[in-house]
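Undergrad: Sequence:
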Amino acid sequence: QAAIDAEFDALMFHGTGLGHLPIADPQEDSPENTRLRIMLADHCAAGGVVVVVTQTIHGPVHMDVYDKGRDQQEMGIIGHGSLCPPSSALVKLHHLLSLGEGRDAVAEGWDSDLVGENPPDSFS
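If you read the sequence shown in our numbering, its first letter stands for residue 1, the second for the next number, and so on.
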């Protein structure tokens, strides 16, 4: 919430495995997950930029496999399909934001391959 209140241009999260964030509370013992979900959904709905990258060595952020990933896409979180590693993703995010078109520029450019950071397959 502090980053949103500080009006950062974007939020970038390192998701787990396929790019998931802790936004569910099926056991009703992690209310912070529900708060995170609401906060990120509201931020995206207001035009905020939220990007998720994966920490895996090979393979893309794949938010179509499980409900949580599909929920993230519905919330407006950007990242599905990207092979871009976290360090390169940060540079790419800065570049896309510098275009001055906010969320639209990031959403449209995220899965593109500008300089080899998002190769067509994870073994390139």
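To be clear, the hints were calculated from the coordinates, so they are not data collected in a lab.
One or more of the hints may lead you astray.
Claimed, not checked - Label-pair distances were calculated between CB atoms; the ranges are: (1) Ala105 x Asp29: 37 to 43 angstroms; (2) Ala3 x Pro85: 18 to 24 angstroms; (3) Glu101 x Pro31: 19 to 25 angstroms; (4) Asp113 x Gly47: 24 to 30 angstroms; (5) Asp29 x Tyr66: 18 to 24 angstroms.
Yeah, the Cβ is synthetic: ideal placement off N, Cα and C, and Gly gets one too.
Undergrad: Would you mind marking each hint as holding or not holding in the structure?
TA: Hints versus structure:
{"no.": "1", "hint": "Ala105 x Asp29: 37 to 43 angstroms", "verdict": "39 angstroms, holds"}
{"no.": "2", "hint": "Ala3 x Pro85: 18 to 24 angstroms", "verdict": "22 angstroms, holds"}
{"no.": "3", "hint": "Glu101 x Pro31: 19 to 25 angstroms", "verdict": "36 angstroms, violated"}
{"no.": "4", "hint": "Asp113 x Gly47: 24 to 30 angstroms", "verdict": "26 angstroms, holds"}
{"no.": "5", "hint": "Asp29 x Tyr66: 18 to 24 angstroms", "verdict": "20 angstroms, holds"}
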